[in-house]
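> So you can see what is in the structure, the chains are spelled out below.
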Amino acid sequence: MKLSTRDITLSGMFAALMAIGANITSFIVIGSVPITLTTFFSILAGLLLGSRLGAISMTVYALVGLAGAPVFSQFSGGLSALVSPTFGFIISYILVAYVVGKIVEWNASNHWFIIAALVGFVINYTFGTNWLYVAYKYLASTDAISYNVAWAWMAAPLPKDIILSTFAGILAPRLYKSINKNATIATDNSVA
Amino acid sequence: MSNSFIIGQYVPGDSFIHRLDPRTKIAIIFTFVIVVFLANSVASYGLLTAFSIGSALLTRIKLSYIAKGLTPVWFLIVFTFILHLIVTKDGEVLFQIASYPIYSGAIIQGAAISLRFFLLILVTSLLTLTTTPIEITDAIETLLGPLKKIKFPVHELALMMSISLRFIPTLMQETEKISKAQASRGVDFKTGPIRDRVQAVVPLLVPLFVSAFKRAEELAMAMEARGYQGGEGRTKLRELKIEGRDLFVISLFLLIIIGLVMTRA
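So the sequences go chain by chain: A and B. The numbering of the first sequence is our numbering, which starts it at 1 and goes up by one. The numbering of the second sequence is our numbering, which starts it at 1001 and goes up by one.
Keep in mind that the hints were calculated from the coordinates and are not lab data. The structure presented is a predicted model; accordingly, all values stated were derived computationally and were not measured. Treat each hint with caution, since some may be false.
Below, in silico cross-link-like pairs of lysine-lysine (DSSO-like), each with a Cα-Cα straight-line distance of 30 Å or less [stated by the list, open to error]:
id: 1; chain 1: B; residue 1: Lys1068; chain 2: A; residue 2: Lys137
id: 2; chain 1: B; residue 1: Lys1149; chain 2: A; residue 2: Lys102
id: 3; chain 1: A; residue 1: Lys177; chain 2: B; residue 2: Lys1149
id: 4; chain 1: B; residue 1: Lys1190; chain 2: A; residue 2: Lys2
id: 5; chain 1: A; residue 1: Lys2; chain 2: B; residue 2: Lys1068
id: 6; chain 1: B; residue 1: Lys1068; chain 2: A; residue 2: Lys181
id: 7; chain 1: A; residue 1: Lys177; chain 2: A; residue 2: Lys102
id: 8; chain 1: A; residue 1: Lys2; chain 2: B; residue 2: Lys1214
id: 9; chain 1: B; residue 1: Lys1151; chain 2: A; residue 2: Lys160
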């Protein structure tokens, strides 16, 4: 895999952006509960950076968190995140960025941006919840928590994330235009 | 706040554990995460507990501070224990809570699983308590070194981690600045229906993304202007070195694994 200097700085920077997105409610108050924009940002990683760099930047984000920087939601981080059942969501961002990127590399029209974002959201939830179920079953060595209970657990933030994912699909072309106008980004790795 | 991002959970110190090579620590902890599942007898659990508590004490970090870091998982540990009390039906009935029988096997199994959970979290958090993210990044670069043979961008990955660690505080300040600037222009993040508040995020995100991409661009240019051309033949500011104490700890840990296999039921 050949990475240019620009690829390296862009991926590193996007991983830093992701860390901001995970805890954005500590800067601005949107509603009363602390929400995290990680799904939203991982979709944007795929839409703005493309499949390859998007997936790389999400890998960097996961590694930086495991190395101890408090970049995961609620300022958590550290290697112990690895044995937490919710770690699957962090892994899923890599897959989300990759698939979302692939879709818009194939078709970059505005409504495909929204479809790609929703596909990303579905991957995020399916992968994360299945991981949650399997990891907890294994860690706690019991199958008392059924598959349906695991999904019921995830139902609460579901509507919020559907709205945010759609919003990511709508916002991405606009972001892309503003970025291009203000900074000269090499277009060979980016989409749209 | 922004300082905590660079050092992460690291607690500065000069203990034996602090001075170990980060690669030794990573290798031992990853092995520990795997072998902890081998324990199935009182003696084997005892051995692992002694190792974990011993290491925690050796860090000379206040135990109350370590325990504070474990707060988010207490719930999970207790929940797992209670779950086992309810669903496991081994051994004899010890007593009844509201006519619900509690079995002796349930308490034993619940305690063992919760202990295992606790040990996993404790030992993994010891790494990040005694090692800075930068050191861990260096260690990852050397540990993954062999993957270069299959064209895996190890050096680049480590560099990206450093870049992202370096720019998280900068982007945080930027976010604060932008949100204040937009608030002074009348953007309202705090009130109104949800739809308006989501809309209000746009004037925050657009400048944030533009500035982050611009920074990435400038950084790439600055690096190339200084002759950066990838990992080949680059020297390092901090060299990692395996010393006597690392070999000692590794041998000790191997002995523990052998002991663990022998004390299994």
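> Would you mind marking each hint as holding or not holding in the structure?
So, going through the hints one by one against the coordinates:
1. Lys1068/B / Lys137/A: 26 Å, holds
2. Lys1149/B / Lys102/A: 27 Å, holds
3. Lys177/A / Lys1149/B: Judged against 30 Å, a Cα distance of about 39 Å means the pair is violated.
4. Lys1190/B / Lys2/A: 45 Å, violated
5. Lys2/A / Lys1068/B: With a Cα-Cα distance of about 43 Å, the restraint between Lys2/A and Lys1068/B is violated, given a limit of 30 Å.
6. Lys1068/B / Lys181/A: 47 Å, violated
7. Lys177/A / Lys102/A: Answer holds: Lys177/A to Lys102/A is near 20 Å, not above 30 Å.
8. Lys2/A / Lys1214/B: 22 Å, holds
9. Lys1151/B / Lys160/A: 40 Å, violated
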